[in-house]
Each structure stands twice: as C-alpha cells, then as structure tokens.
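Residue numbers (numbering that gives the first Met the number 0), protein chains in the order written: chain A, 0 to 250; chain B, 0 to 274.
Hints are supplied without guarantee of correctness; some may be wrong.
[Claimed, not checked] Just the calculated beta-carbon pair ranges, DEER-fashion:
1) B:Ala9 - A:Gly24: 42 to 52 Å
2) B:Thr20 - A:Gly136: 55 to 65 Å
3) A:His227 - B:Ala261: 52 to 62 Å
4) A:Ser134 - B:Ile161: 24 to 34 Å
[Said to hold, decoys possible] A few chain A positions that, by computed beta-carbon distances, are all more than 12 Å from chain B:
5) Gly60
6) Glu192
7) Asp200
8) Asp224
Keep in mind the hints are simulated off the structure, nothing from the lab.
Note that the structure is a prediction, hence the values are computed from the model and not measured.
Virtual Cβ for every residue (Gly too), placed ideally from N, Cα, C.
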Amino acid sequence: MIRTIDLGVTLGRTEVLHDLDLDLGAGVHGVLGPNGAGKTTLIRVLATTLRHDRGRVEVLGRSLERAKGTRWVRERIGYLPQSFGYHAGFTAREYVAYLAWLKRMPAHDVPLAVDRALERVDLLSRADTKLRKLSGGMLRRVGLAQAIVNDPMVLLLDEPTAGLDPEQRVAFRELLREIGVDACVIVSTHLVEDVAHACHDVMIMSEGRIVLASTAQELAALGADSEHPGDSVIERGYSAALRGARPPGTR
Amino acid sequence: MSFPEAWHAAPRTLQQYSDGTLTDTASWSVEAHLPGCEVCRERLAGLLSEQDWSELDARRQELRLAHQPAVNAPALARAPGWASLRGVLGPWWAWVGVVLAAFAAVTVLGRAPLPPTSLLTSWAAAVAPLVPLVMVAMVYAVGDRDPAAAVTPRGGLELVLIRTFAVLVMAIPTVTLGMVAGDTAGLPWLLPGLALCAGALALGPSVGVERSCVGLAVLWMAVVVAAMPPVGLTSAASLIEPVGTTSVLWGCTLLVAVGVIAVQRDRFDLPGRLS
Numbered sequence: 000m001i002r003t004i005d006l007g008v009t010l011g012r013t014e015v016l017h018d019l020d021l022d023l024g025a026g027v028h029g030v031l032g033p034n035g036a037g038k039t040t041l042i043r044v045l046a047t048t049l050r051h052d053r054g055r056v057e058v059l060g061r062s063l064e065r066a067k068g069t070r071w072v073r074e075r076i077g078y079l080p081q082s083f084g085y086h087a088g089f090t091a092r093e094y095v096a097y098l099a100w101l102k103r104m105p106a107h108d109v110p111l112a113v114d115r116a117l118e119r120v121d122l123l124s125r126a127d128t129k130l131r132k133l134s135g136g137m138l139r140r141v142g143l144a145q146a147i148v149n150d151p152m153v154l155l156l157d158e159p160t161a162g163l164d165p166e167q168r169v170a171f172r173e174l175l176r177e178i179g180v181d182a183c184v185i186v187s188t189h190l191v192e193d194v195a196h197a198c199h200d201v202m203i204m205s206e207g208r209i210v211l212a213s214t215a216q217e218l219a220a221l222g223a224d225s226e227h228p229g230d231s232v233i234e235r236g237y238s239a240a241l242r243g244a245r246p247p248g249t250r
Numbered sequence: 000m001s002f003p004e005a006w007h008a009a010p011r012t013l014q015q016y017s018d019g020t021l022t023d024t025a026s027w028s029v030e031a032h033l034p035g036c037e038v039c040r041e042r043l044a045g046l047l048s049e050q051d052w053s054e055l056d057a058r059r060q061e062l063r064l065a066h067q068p069a070v071n072a073p074a075l076a077r078a079p080g081w082a083s084l085r086g087v088l089g090p091w092w093a094w095v096g097v098v099l100a101a102f103a104a105v106t107v108l109g110r111a112p113l114p115p116t117s118l119l120t121s122w123a124a125a126v127a128p129l130v131p132l133v134m135v136a137m138v139y140a141v142g143d144r145d146p147a148a149a150v151t152p153r154g155g156l157e158l159v160l161i162r163t164f165a166v167l168v169m170a171i172p173t174v175t176l177g178m179v180a181g182d183t184a185g186l187p188w189l190l191p192g193l194a195l196c197a198g199a200l201a202l203g204p205s206v207g208v209e210r211s212c213v214g215l216a217v218l219w220m221a222v223v224v225a226a227m228p229p230v231g232l233t234s235a236a237s238l239i240e241p242v243g244t245t246s247v248l249w250g251c252t253l254l255v256a257v258g259v260i261a262v263q264r265d266r267f268d269l270p271g272r273l274s
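Sequences and hints are given; from them, build the entire structure.
Shown next, in the form of structure tokens:
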C-alpha cells in the first residue's frame, strides 16, 4: 500500500532522509528511533503534507506528483500529526465532524461515522465537551478519532501514545491491531513497548536511514543475547540495533 | 466457495422461500445454506420483488440504527454544517469584532481631516481596499491551522476559495456601509480591494497566503505614504483612488491574478514546503 524508492528529503541544509526504500502492506508497522532520526519527516511525506526532494513515493499505488492523485490519496488516508492546531472552542464531536467534512465524506454518513470514531477511542461520553476542557491524553484520542473517521486504508500516526496513561495505551494498541487487519498503519514512536505490543514489524531509524527492519520478535531475539542497556529484551534489541552491534539486517 | 449443482437449493424451493410458502424446516435449511453460497444468494436476489427490496432496505436501516451507539440527536443534526463553518472561519464572535472594527475604521477615517497638501480625497480611500486583504489574513489567523486539516481533499484550493468568498461576503457590505456612514460613498475602492486579494492568493502557493497578505498590505501602505506630503506622488494617489486609465490597470491586475490562480490551482493541493 506504501512504496518508496530512494526517498530523500533535505530541509534547509540538512539531509533528513537518505535513500529510503519501503514496501509496506496491511498491518501495523512501527517506526522507532531517537529524536531527530527522521520519523516525523517520513510520516509527513507519506501523509502528503511535505514534498520530498528525491526518489519516488507511492501511496495506495498513486504517486504524489499530481494534484488529482494527491486528492484521491487524501480521501483515503488518516493522519495524526504530532501536535494539532485545533479550535479550543470546538467540541470533540464538532472537531471530528469538521475533519470528516474536509475529507469529503458524504454528509449523510458523517454523524454516525463521527460517533463511531469517538466510540472506538472511548470518548463518546465526552463528545460534547469543548476541546479546551479535555486532558492531554483525551485530546490525543480526539486526534486519533479524526484520523480514523473515514475508515482510512492508510493510517499515519506520529507519536500517538504521547500523553496516554498506561490503561489507555493498552486500549489504544488493541485498536491499532484491529485497524491493522486490513489497513496499513504506520506508527512512529520512541516507546519501545508500543512496538513490542502493537506492531507486526518495526523499522529502526537513525540519522535519516533505516538501520534495521525486522519483526518485533526478531528484535527481541536480537536483544536476548546482547549486553546492551535496556529494561526488556526488546529494548536491548533496540539499543543493539542503534549501536550497529550487528550489520543492518533485512527481512 | 463453489458447490456442485446438487448442493444448490432447487429453483422451486427458492421461489417458495421468497414467497414465504416454504415449510419451517425447509426454510431453516435454506437459511443455513445461504450465508455460505453466493450462487443461491444471487438466485434468491433475482426472485425478489420491488416490495421485498424496500422491506429489506428498511430492515437494514433499522439494524444499522440499532447497532449505533447512543447519540445526541439534536447535536448531530446540526453538527456537520456548523462545525465546518466554525472550522473554516473560526469563532463567530471574532468576526463580529472584525466587521465592527472595519466598519468603524472606514466611517471614522472617512470624516478624518487629511493634511492640506495631501493628494488623497479621504483617508477612507487609503484604508478601504485593505479591508478584504486584512480579513483574508485574519481568517488564516483565527481559522484552523491544523496539520491534519491540511492533508484533506478539501484542505487545499477548496478551503482557500471558500474562505476568500466568505471574507468578501462580509467585507463588501461592511466597507460600503462604512463609506455611506462616513460620507465618502462613491470612492472607487472595490477594484483595488479585489485585485489585492486575488494577488495575495496568486502568491499563496509560493510564499503562503498569510505571508503574501501581509506583504501586499505593507506594499499598499508604502503607496499611501508616497501619496502624502512631503513626497506627494500623483501617481500614488491615483493608484489608491483609481481614476481613468488607473482603474483599467487595476482591472488588468485583477484578471492577471485570477489567471495565475487558475493556472497554478493544482499547487494548492500538492505536498508543500511551507507549513
């Protein structure tokens, strides 16, 4: 559903992404890496908000070179940005309904789709609360509701678990697995346990490159016999991959 | 799944089932068979009458509603329309304020005395064409700046045009009434006002609509200063209060700007580098 060939992005003088090759289908794919690794840039390119400089990007088989194809893609994706500039005066329901309208959903489908999205993130009881009165974790879930309101085929989530408490995180991972059955979900995170519990496979990024692409189990196996720091096997696997203890692996 | 012919329900059985004349036990068998057999479902569909279909649709709708979460019906009924308007323009009270301020400014400046050597007939002429431009900049300041909204199919050109149209609907009567109240009715402000607005949109994909609005507003103010003493340029004064050939110039500027917007309309909908 997502394919990139030699994708490169330079912002200012910094080369933020180097020759990225991706080929991702349905499932939940984790993008893990330290701050500044290029995770957000990658998500923004795939979400059609940032123009790439080199290489090719195809989302759902369409290139993002032309406006028509881009609009077509935009109807079928969901995007949770790292921070969203919502109107504090909106209620949760109004905000999601507004995004549904922007996504060109048929007007008669909007009310039920909005409530379904809010129910899936467990916020239906707060649907008529103004956004300014919601906690950080709740806002994050409203953001997720707008991302899934159009039943996207590609869902791009930038640090979705930031601000969620442990219980909400568990529910969130459950939701991701559910959506990932037939959609392509890409989750950027710096939390190793998100990857361990919700993702089929993981790409570890460092300085604009993918240094390791493997399944979550393989990452744990990498950590099991490593001396690298970390509280769990998968965390140790992550540190091992980052430090290049082994040559960048491919699946 | 594919079945040999013997495994399918006999045509007569299906006919009786659709008429409701099949025995209970046989109906039960048919119902057990249908979910797994596309062929029989299709055959049955062919036997259904117009009335059967409308009954089915009603039943389906009923089921859909029964499985929906409890909803707040009045909030829902008005949600999409109101929510979109609020998202596009920002809170209504901000616009009440902007419209009142613009009206007051045009009225008061219409009556304010100019320096005796000024080439302008009224301060209102210097300010009125700026009103639509400033309001376009405002809609970007108080409307939503949500990165999630920017990557929607409506979030590009369509949103820009809706916002500009809404601004013009507010700005044109406001300025016109303000001029009437300030005894300056008849000043030719609309053409420069529209041309500045269109110019800002034409530059939008390259520098961002907000930035182009601010840039053009500053440029306009520079022209205003040029028409004042001690500079006192006649050409600057006739730009602000277009007379004769100058209004043709403004008309051409407007047409060119609209043309530029049309030619590069796709750039509004492509991934960018600005936000």
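For this session: List in ascending order the numbers of the hints, as given earlier, that are violated by the structure.
Result: none
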